[in-house]
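Student: Sequence:
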Amino acid sequence: MRYKIAKIVLVKTCSLALGLAAFAIVFRGLATLNHPFSSTTIGKQAKPPDRIAKNTTLATSSQAPAIKTDRQQLPASHSNNSRTNPASTVGETAVSVKDFGAIGNGIVDDTNSIQKAIDAVDRAGGGIVFFPIGTYKVSINPASLQAITIRSKIILSGSGHHNSIIKLADNQGNYSAILAGEKPKTDLSDFAMYNIAIDGNGTANPVGSESELEGNIKHRYALRIYAGQRIRIEGCRFTNLNNVNGISVNGELLVSEVEIKNNIFELIGGGSVDYDHSTIYSHAKKVKISHNYFSSRNGAGTPGARTAIEIHGDDQIVENNIIHGFTNGIYVTGFAISSNNQRIAHNIIKEAYTGIAIWSYFYKTNTTNPAIGNCTISHNQISLNVNDWRKLGGDTKSAGIWLEPRSDAPIENVDILNNQIYFTNFSGNGSGADKDNLANGIKLWRYKFPNAIAKNLRILGNKIENSLGAGIYISMPIVGGAISSNTILNPGRSSGSFNDSYRAAIVVDGLFDRVKVNDNSLVDNQTANTMKAGIIWYSNCVDNCEVKRNSLQVASGDALQLFRSKSSSNTHNVNFLP
Numbered sequence: 005m006r007y008k009i010a011k012i013v014l015v016k017t018c019s020l021a022l023g024l025a026a027f028a029i030v031f032r033g034l035a036t037l038n039h040p041f042s043s044t045t046i047g048k049q050a051k052p053p054d055r056i057a058k059n060t061t062l063a064t065s066s067q068a069p070a071i072k073t074d075r076q077q078l079p080a081s082h083s084n085n086s087r088t089n090p091a092s093t094v095g096e097t098a099v100s101v102k103d104f105g106a107i108g109n110g111i112v113d114d115t116n117s118i119q120k121a122i123d124a125v126d127r128a129g130g131g132i133v134f135f136p137i138g139t140y141k142v143s144i145n146p147a148s149l150q151a152i153t154i155r156s157k158i159i160l161s162g163s164g165h166h167n168s169i170i171k172l173a174d175n176q177g178n179y180s181a182i183l184a185g186e187k188p189k190t191d192l193s194d195f196a197m198y199n200i201a202i203d204g205n206g207t208a209n210p211v212g213s214e215s216e217l218e219g220n221i222k223h224r225y226a227l228r229i230y231a232g233q234r235i236r237i238e239g240c241r242f243t244n245l246n247n248v249n250g251i252s253v254n255g256e257l258l259v260s261e262v263e264i265k266n267n268i269f270e271l272i273g274g275g276s277v278d279y280d281h282s283t284i285y286s287h288a289k290k291v292k293i294s295h296n297y298f299s300s301r302n303g304a305g306t307p308g309a310r311t312a313i314e315i316h317g318d319d320q321i322v323e324n325n326i327i328h329g330f331t332n333g334i335y336v337t338g339f340a341i342s343s344n345n346q347r348i349a350h351n352i353i354k355e356a357y358t359g360i361a362i363w364s365y366f367y368k369t370n371t372t373n374p375a376i377g378n379c380t381i382s383h384n385q386i387s388l389n390v391n392d393w394r395k396l397g398g399d400t401k402s403a404g405i406w407l408e409p410r411s412d413a414p415i416e417n418v419d420i421l422n423n424q425i426y427f428t429n430f431s432g433n434g435s436g437a438d439k440d441n442l443a444n445g446i447k448l449w450r451y452k453f454p455n456a457i458a459k460n461l462r463i464l465g466n467k468i469e470n471s472l473g474a475g476i477y478i479s480m481p482i483v484g485g486a487i488s489s490n491t492i493l494n495p496g497r498s499s500g501s502f503n504d505s506y507r508a509a510i511v512v513d514g515l516f517d518r519v520k521v522n523d524n525s526l527v528d529n530q531t532a533n534t535m536k537a538g539i540i541w542y543s544n545c546v547d548n549c550e551v552k553r554n555s556l557q558v559a560s561g562d563a564l565q566l567f568r569s570k571s572s573s574n575t576h577n578v579n580f581l582p
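For the sequence shown, my numbering assigns the number 5 to the initial residue and increments by one for each residue that follows.
None of these hints come from the bench; they were simulated from the model.
One thing to keep in mind: the hints can contain errors.
[Stated by the list, open to error] Calculated pairs, DSS-like style, for lysine-lysine (alpha carbon to alpha carbon, straight line, at most 30 Å): (1) Lys467 with Lys552; (2) Lys570 with Lys467; (3) Lys395 with Lys452; (4) Lys439 with Lys520; (5) Lys570 with Lys439.
[Said to hold, decoys possible] Estimated spans, in silico, between C-beta atoms of each pair: (6) Tyr451 with His576: 24 to 30 Å; (7) Gly177 with Val112: 16 to 22 Å; (8) Ile341 with Ser525: 37 to 43 Å; (9) Lys189 with Pro454: 37 to 43 Å; (10) Ala147 with Glu214: 23 to 29 Å; (11) Phe580 with Gly219: 51 to 57 Å; (12) Phe580 with Asn503: 21 to 27 Å; (13) His166 with Val546: 57 to 63 Å.
Note that CB positions come from ideal geometry on N, CA and C, so glycine has one too.
Whole structure, please, built from the sequences with the hints as guidance.
Tutor: Structural data, given as structure tokens:
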């Protein structure tokens with residue numbers, strides 16, 4: 005049957021009235037959504053679908069499964085040109101998937117019915133595809149390797165992320181995506197999702213080997229967007245995922261103005277195979293990822309729960325997220341033509357092995373400029389569970405905030421401010437302990453390209469507790485910067501076999517120019533101190549470096565050196581004041 009959306013067929017006056025009433029509820033509810041850049045509560049759902057009574061559909065006429073309304077019915081907050089607001093440009097049609105034959109009982113396959121609803125709204129110029137309460141089973145099309153084809157100006161809206169669920173069928177093998185455009189670069193501008201769940205059914209679709217997910221096709225995305233503007237995902241739940249990415253917005257020159265907020269990502273990874281994964285992968289511009297909750301299937305040590313958030317590109321904001329039980333909390337990368345203006349702030353990262361990683365690599369046309377510039381990492385709380393991840397990762401080195409040591413490109417105007425980093429659940433011995441000299445709270449170390457410069461680097465006001473090696477370890481050239489006003493408590497906690505110089509509170513190496521190491525508080529309050537020195541200075545200073553007003557407190561009474569250099573030549577051009 006061909007569904008006619010452009011006009012409403014008036015069969016019964018009461019049918020039209022009921023449908024308009026339901027549609028009005030949706031858009032009145034949309035008016036209650038917060039502005040895209042306002043502060044909200046994690047996991048809070050968007051209001052509209054929750055106000056629709058159980059089993060209510062948005063259209064009641066059998067001859068008119070959709071409702072078309074006047075633009076005037078759109079609320080003010082969704083009739084503007086907000087940069088991440090799809091409702092400002094979508095059409096005025098609203099349909100229920102049940103009017104196109106969907107059952108929603110978790111048994112009958114609803115793939116075709118959902119697709120018919122989306123395609124009908126697409127032909128009408130866009131609008132809402134509503135999922136009443138139910139579990140909608142979908143299956144992968146062997147030809148396209150995806151289940152549902154989404155389109156530009158389509159809003160998928162549910163009755164709450166625990167009530168309206170799109171669930172992948174059992175035994176679907178390897179596939180590209182559950183939701184994706186018709187082709188990889190199909191324009192999906194103004195696509196949105198509210199108050200709905202995507203269940204990847206990972207326990208019934210396990211990963212057999214890491215090689216199954218390699219290549220560019222069968223990554224098992226929950227949602228894949230490679231082209232489009234004004235994309236918004238809010239109040240949704242993504243659960244039971246075994247894949248390379250949960251949400252992939254990946255088109256540096258084709259994707260922009262994306263907001264992903266107030267969503268839950270749960271039961272990530274698990275099984276017997278570990279593989280590369282980023283729950284949210286963003287390689288785009290003007291992206292905000294905020295107020296989301298991430299949890300792996302089994303907490304620390306879960307295979308396949310590799311990274312919660314990975315960002316590439318300009319104007320990226322990652323803030324107020326809670327991340328629990330991932331190997332890596334957040335990757336901030338320079339694998340992009342440009343990665344400028346990134347803010348990573350007020351996130352809580354728990355039960356991780358590494359907290360926030362900085363990858364600074366030349367990419368494509370950029371062979372000279374800093375790969376990361378104007379980046380702020382501030383007010384994050386990071387707790388590291390060493391032992392449970394070491395069972396999976398072996399002798400790799402845990403760190404709170406760190407630079408990938410093979411990075412080849414400079415960084416510029418990077419601020420690491422007011423973060424709290426704690427090492428927990430560590431025995432300090434066993435596999436990997438002998439390399440704990442580089443298990444630091446903040447580690448910026450380049451071993452493969454030691455001459456790549458950091459310009460205008462500030463490490464200020466951070467608190468680091470129980471690091472296995474030094475609290476702060478820097479080994480690279482710095483031109484203009486400060487390592488100041490930090491508190492380092494009880495560093496050097498590993499019992500691994502390595503030089504005690506790496507158990508200092510702060511260790512610096514590399515060529516410095518105009519770098520200040522001032523006003524740091526270096527404390528060991530243990531009865532048997534593990535800190536073995538205050539500041540170890542292996543750097544050579546070009547001009548005007550400072551080491552001033554740092555304090556050292558050792559409860560055991562052990563007489564430690566506040567400042568120690570390799571030789572007198574290292575302190576040339578250093579203004580030292582206890």
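Student: All hints, please: hold or fail.
Tutor: These are the hints, each one checked on the structure:
1. Lys467 with Lys552: 19 Å, holds
2. Lys570 with Lys467: 26 Å, holds
3. Lys395 with Lys452: Holds, because 27 Å separates the two Cα atoms, which is no more than 30 Å.
4. Lys439 with Lys520: Status holds; Cα separation ~28 Å.
5. Lys570 with Lys439: OK: Lys570 and Lys439 at ~22 Å, within 30 Å.
6. Tyr451 with His576: 24 to 30 Å: At roughly 25 Å between Cβ atoms, His576 and Tyr451 fall inside 24 to 30 Å, so the hint holds.
7. Gly177 with Val112: 16 to 22 Å: 21 Å, holds
8. Ile341 with Ser525: 37 to 43 Å: Taking Cβ atoms as reference, Ile341 and Ser525 lie about 41 Å apart, which means the hint holds.
9. Lys189 with Pro454: 37 to 43 Å: Given about 40 Å between the Cβ atoms, the range holds.
10. Ala147 with Glu214: 23 to 29 Å: 26 Å, holds
11. Phe580 with Gly219: 51 to 57 Å: Roughly 55 Å apart at Cβ, these two residues keep to the hinted range, so it holds.
12. Phe580 with Asn503: 21 to 27 Å: 23 Å, holds
13. His166 with Val546: 57 to 63 Å: 59 Å, holds
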